[in-house]
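Residue numbers (numbering that gives the first Met the number 0), protein chains in the order written: chain A, 0 to 257; chain B, 0 to 106.
For the record, the hints were derived by calculation from the structure and aren't laboratory data. Hints are supplied without guarantee of correctness; some may be wrong.
To be verified - Stretches of chain B that chain A covers, calculated by requiring three or more beta carbons in the stretch to come under 8 Å of a beta carbon on chain A:
(1) 54-62
(2) 79-87
As the list claims (entries may be wrong) - Quick partial rundown of chain A residues pointing at chain B, CB under 10 Å, derived from the structure:
(3) His33
(4) Ser43
(5) Ala44
(6) Gly151
(7) Pro152
(8) Pro189
(9) Ser192
(10) Ala236
(11) Phe253
Even for Gly, the Cβ is constructed at its ideal location relative to N, Cα and C.
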Amino acid sequence: MILPVAHSAVKRLRFLCICILALAPCVSVGGVRHFTFLYEANTSAPGSLELENWITWQRATGPGRFDQVDFRHELEYGVTDRFQVSVYLADWFYENNREHSGFAYSDSAIELIYNLTNPVVDPVGVSIYGEVKAGDRLLELESKLIAQKNFGPLILAYNATLEAVWEGNDLTQDEGEFSQALGASYEISPPISVGVELLHEFVFPEWRNEENIRNLFVGPNVSYRRRNWFVTVTALAQATDTEDEPNFQVRTIFGIGL
Amino acid sequence: MKNFAILAAAMICLVDFNSCETTSFAPPPVTAELAREGTGQHGDIATLREGRTLFVSRCIECHTLPAVSSHSAQEWPRLIDEMAGRANLKPTEREAVLAYVLALRTR
Numbered sequence: 000m001i002l003p004v005a006h007s008a009v010k011r012l013r014f015l016c017i018c019i020l021a022l023a024p025c026v027s028v029g030g031v032r033h034f035t036f037l038y039e040a041n042t043s044a045p046g047s048l049e050l051e052n053w054i055t056w057q058r059a060t061g062p063g064r065f066d067q068v069d070f071r072h073e074l075e076y077g078v079t080d081r082f083q084v085s086v087y088l089a090d091w092f093y094e095n096n097r098e099h100s101g102f103a104y105s106d107s108a109i110e111l112i113y114n115l116t117n118p119v120v121d122p123v124g125v126s127i128y129g130e131v132k133a134g135d136r137l138l139e140l141e142s143k144l145i146a147q148k149n150f151g152p153l154i155l156a157y158n159a160t161l162e163a164v165w166e167g168n169d170l171t172q173d174e175g176e177f178s179q180a181l182g183a184s185y186e187i188s189p190p191i192s193v194g195v196e197l198l199h200e201f202v203f204p205e206w207r208n209e210e211n212i213r214n215l216f217v218g219p220n221v222s223y224r225r226r227n228w229f230v231t232v233t234a235l236a237q238a239t240d241t242e243d244e245p246n247f248q249v250r251t252i253f254g255i256g257l
Numbered sequence: 000m001k002n003f004a005i006l007a008a009a010m011i012c013l014v015d016f017n018s019c020e021t022t023s024f025a026p027p028p029v030t031a032e033l034a035r036e037g038t039g040q041h042g043d044i045a046t047l048r049e050g051r052t053l054f055v056s057r058c059i060e061c062h063t064l065p066a067v068s069s070h071s072a073q074e075w076p077r078l079i080d081e082m083a084g085r086a087n088l089k090p091t092e093r094e095a096v097l098a099y100v101l102a103l104r105t106r
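Same shape as in the complex, but just chain A:
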């Protein structure tokens, strides 16, 4: 069922964005993303605050065709040199398929990242990640191992993610997902990086592997940064043939230091 987003809530969100943009010129950026489907090992500088807006468009063709656009608004704060906290104020989406179309609120979440080693001076930069997400008939726990190595202008990153999801009226539908993502990003000039991302998902409905769901997505990315803002875009195409999954997806993250 699609729940309409209240008009007043949209107005409040617009007002919040205007206030944040007005404050933006006087402060630092938390951290530029070179990837959109992967996290990087370094955390935000202590005391830095950043707003990141995510937009992900997914399109599936074929019998179960759909279009879905997901929106995410994240506040990211550097607590210490190694620890950062993020709050996903609201995840919401627009969905258009054969049965219905419309906007709906999905969830809100909190995310913690702790950095263990540095990707420049240590053999591999490693961070650990935890996220709790709760929303309309949804509870999700996610943990991630983030590995990264910088070789001069080249960044290589790897994420291993384990998710546990409970959905439905009584949160009785459970699902597990393991995914791994690999990315490379090359800085062709100080403000511009280009690269590639690969996402490999293993889905376990009710924590069983009977359906043997495997999805592989791959595609290019580009990142551009100026002063206290950045924008990064990734386009992924499905390399497998899973009908219920999008054939392609494009994610854009726009971040601005507050």
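Since the structure of chain A is already known, use the hints to place chain B on it.
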């Protein structure tokens, strides 16, 4: 299975490349010799160590780490001033980063 093989190969390449090449990309650690050369000119050994730690962690939040030799000793103060706000560096931290970079650049 094929996908696993590709990912495994990529990770092996990463580890192998890392073991051979890391030192050439990481900025040099602060040694007694570097501190001696910089003493009185750029700061003490503790300041230089703090500067290196900040240099390799704060700068990579926005971009990859530039080679210290890519800019002259005259250019570095202006560059670090420009970046200090973005990296949320306090004045003493800014000075520590500059001390480390100049110690490397002028030795």
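Now for the hints, and whether the structure bears them out:
1. 54-62: holds (count 7)
2. 79-87: With 4 residues closer than 8 Å to chain A, the stretch 79-87 of chain B meets the three-residue bar; holds.
3. His33: holds (9 Å)
4. Ser43: Nearest chain B Cβ about 7 Å off; hint holds.
5. Ala44: Alanine 44(A) check passes; min Cβ-Cβ to chain B is 4 Å, inside 10 Å.
6. Gly151: Holds, about 5 Å.
7. Pro152: holds (5 Å)
8. Pro189: holds (6 Å)
9. Ser192: holds (8 Å)
10. Ala236: The hint is violated - alanine 236(A) has no Cβ within 10 Å of chain B, the shortest such distance being about 15 Å.
11. Phe253: violated (15 Å)
Hint compliance for this structure: hints 10, 11 are broken, all remaining hints hold.
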